[in-house]
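Undergrad: Note that the protein sequences, when read in sequence, are chains G and H.
Each step along the first sequence adds one to the number in the UniProt record's numbering, with nothing skipped, and position 53 is 53.
Each step along the second sequence adds one to the number in the UniProt record's numbering, with nothing skipped, and position 9 is 9.
FYI, nobody ran anything at the bench for these hints, they're computed from the structure.
Since we're looking at a predicted model, the values are computed, not measured.
For glycine and all other residues, C-beta sits at the position ideal for the given N, C-alpha and C.
Heads up, some of the hints might be wrong.
Partial chain G-side listing against chain H, Cβ under 7 Å, derived [as the list claims (entries may be wrong)]:
1) Asn6
2) Ser56
3) Arg103
4) Leu105
5) Lys196
6) Thr228
In silico lysine to aspartate or glutamate, EDC-like type, Cα no more than 20 Å apart, as pairs [what the hints assert, rightly or not]:
7) H:Lys140 <-> H:Glu195
8) G:Lys53 <-> G:Glu124
9) G:Lys195 <-> H:Glu244
10) H:Lys135 <-> G:Asp52
Sample of chain G residues lacking proximity to chain H, with all beta carbon distances greater than 10 Å (derived) [claimed, not checked]:
11) Val85
12) Val141
13) Ile345
14) Gln362
15) Lys393
16) His395
17) Asp470
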Amino acid sequence: MTLQINFDATWQDEFQNRIDNDGPWGNWDLFKLTIEVENQTVIPAFDGLQVDKHLSNLTPLPHQLEVAEQVVENMNGKAILADEVGLGKTIEAGLILKEYMIRGLVKKALILVPASLVSQWAIELNSKFFIPAVAQKKSYVWEQCDVVVSSIDTAKREPHRSLVFEQNYDLIIIDEAHKLKNNKTKNYEFVQSLKKKFCLLLTATPIQNRISEIFNLVSLLKPGHLGTETAFYEKYKKNARSLDDDEGLKELVNKVMIRNRRQDTGIEWTKRHVETVPIHFSKEERALYDAISSIHREGNWMTDSQFSLMTLQREACSSREAVFYTLRNMLKKQEQPSVAFQQKIEELIGLVENIQQNAKAQKALEIIQQINDKVIIFTEYRATQLFLQWFLKQHNITSVPFRGGFKRGKKDWMRELFQNHAQVLIATEAGGEGINLQFCSHIINFDLPWNPMRLEQRIGRIHRLGQKNDVHIYNFATKDTVEEHVLKLLYEKIHLFEKVIGELDDILTKLQFGNINDHLVDIFGHSASEGEMRIKMDNLTSMIEFAESVKEEDQHAAT
Amino acid sequence: MQQHEIHHFLLRYFHANQCKILENKPGYLVIQLTVELDKELMNRPFYWHYLEKTGGVAKPMELTLITNPSLAPDDIKGEVIHFGSPRLHQIFQSTKNLAGYIRLYENYEAPPGTQTALRPWLGLNLRISYQCDRKKDLFKSIGLHLINGQMVEQFHDKLLHLSLTPKIPDFSFTLSPFIKPNSGVMRVANFLQSEIEKEDHTWADEARIRWQKDLQLLERFYEDADEKGESFENEMAALQEQYEPQVHISIVNGGLFYLTDEAIS
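In isolation and in its complexed conformation, chain G is listed as follows (with noise of 0.2 Å):
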């Protein structure tokens, strides 16, 4: 086949010129220096990273280095980068488009993450790549600048999104990509239709719950390399938990992504400090409790809503600002609420207000005292956040408040806020995600999400590289509540708190019986009695030790 070979004429035409003009002409030593240079630039073979000569501020760890020569030279650049929370996918990212730019392969790079990580992106390409990378804040960005880091809701909008599909872009990176796990959503059609030559997906979990999140992303890479849709889940159940069932799909999905275990890297880590405090309610917080319990055992009230239910009962180990609002959002949901109902909202009102003191609050206060250092406070509800503002201020105690909802710029602010100026950092979950906090190393889990990956994510904001201490998570639970069967089942039991997520990711994906979510919302929600929950729980776990156990077998045989 004949290969296509162009010449660049540009030079030619401007030569034409200066003969015509009798000059002007060059220096002679800046001529030689010009040959200097490029003898110094020119790159002479395919293979290798030229990277690691063009970085001052930055020393890549050997995992890092060993992905990026990985992406450019077996998997022609397209590629999921998995590796565990905190293992650098940022660097190994910066890495690749680094070399790609390097070579003259990529000039044009688009980068969308969540929201609260564009400044972040922007300022690490910028400081430890020399990459200048621009956050995108006004419209003409994405025409004048060559690498932009936006977030996904602001490209997909008009008049953005337009803007967006005029330029040639020569790699896309996506952080935070399992987001991109269902096909259904914009953001998905969005991405889909992007024209990636070369590609990048960063996410740290790449299986959450099923394997046809695996076939979605893979397909927004590379499509077809799982086959059609139809095809693939022909072949495998579309709820089946993991790719080790199959040896094919595992070795097929392996051509396109890399996934590092902390334990692979050879790195010594700090170590965590996991210390679970009991909770004792005060009366009247029991008694909250209690009633609502009882109403869930009274099985005809609302039945429709165990899950609601439940999250009271959640809410109620958290604080009686989180009931409070919750139970006023019941009551104006009803357009017409029966009498009944609205007495017993009433009555569970009442005793909400009766409530004088929080006791986890209390405990925490008593933590935040004792460490006389900066510590991030997580609570699944917002109500509790602006609850536990209010009561830290009380104690003269300097607080900032973190949310998923913050626009970006007011994100930044908080995390400079809380890195230089006080001393704790209350999240919500969604705030969990995507903020870099290695300057702390104390986190209060003022209530515990169900989800262990959740879990995970929250301590990956700080146990992570660039983190100097060990790291201490305080993990609240209340006595003879819901939160304390979970944590038994969840956190001890299996000790995962112990373990970090690789580990977890197998054990997991070992669970082919269910998701774990319906599993408790059956146990804390359905079951009849103490002695039912009990049994169930017992039979959840040792389902739970039954696969934990297939595991080690299979690591034997392997070994």
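Chain G is fixed; fit chain H onto it per the hints.
TA: Frame of chain G, contents of chain H only:
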């Protein structure tokens, strides 16, 4: 490029541009920029615009470049220069811009009373890039005798042994070229093209195989769809950009060289 090489390079760059070197110590340099170089490097068009409007006295900046932080004194404030720093690459680019075109004469000391004939050569330094989803480059320097059409490789290295001057030396005269300089450029281009065609193209074949594979996957992915639609076209175009093997030839710099018969052997 080692740090001391960078130091040396910077010195020569600023010398060649008539800048005064205020300090040249181990690990750092202080340079008084000329107006031209300030405009070239410091990116402050508003200042220069303002000066032009008001007719004030131009004050080009002093530039402190630290080439080795461990050797430079701690109290020196300046830009740290290393191989990846944007400033160095700006200077690389500027070197190239300032010396893209040249005309030189050989400074040959002829015996008294004789006249020396200087023959026209076209000298071109080129970069050849082989590109698919990977890329590598090759540097070539080619000289073309503009009277007899003789072509010489490694032309630049040969020039380095000669004494060259921008003004025609006394008692020398130039012969007129038969080949027009621009058709000379085309001759060189055609020569390179035929050379490249003769090379081993395994890299390109392999890239085409990768391309083909991904194309097949793509077609399989869309085989169920009645209307393949825009996204299919889009993906097709992306694959072409990703893999299509191409060779790019570009001229780094070049010009006219008037040399004695003996100069190039």
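Undergrad: In ascending order, which of the hints set out earlier in this document are inconsistent with the structure?
TA: Of the numbered hints given earlier, the structure breaks none, since each of them holds.
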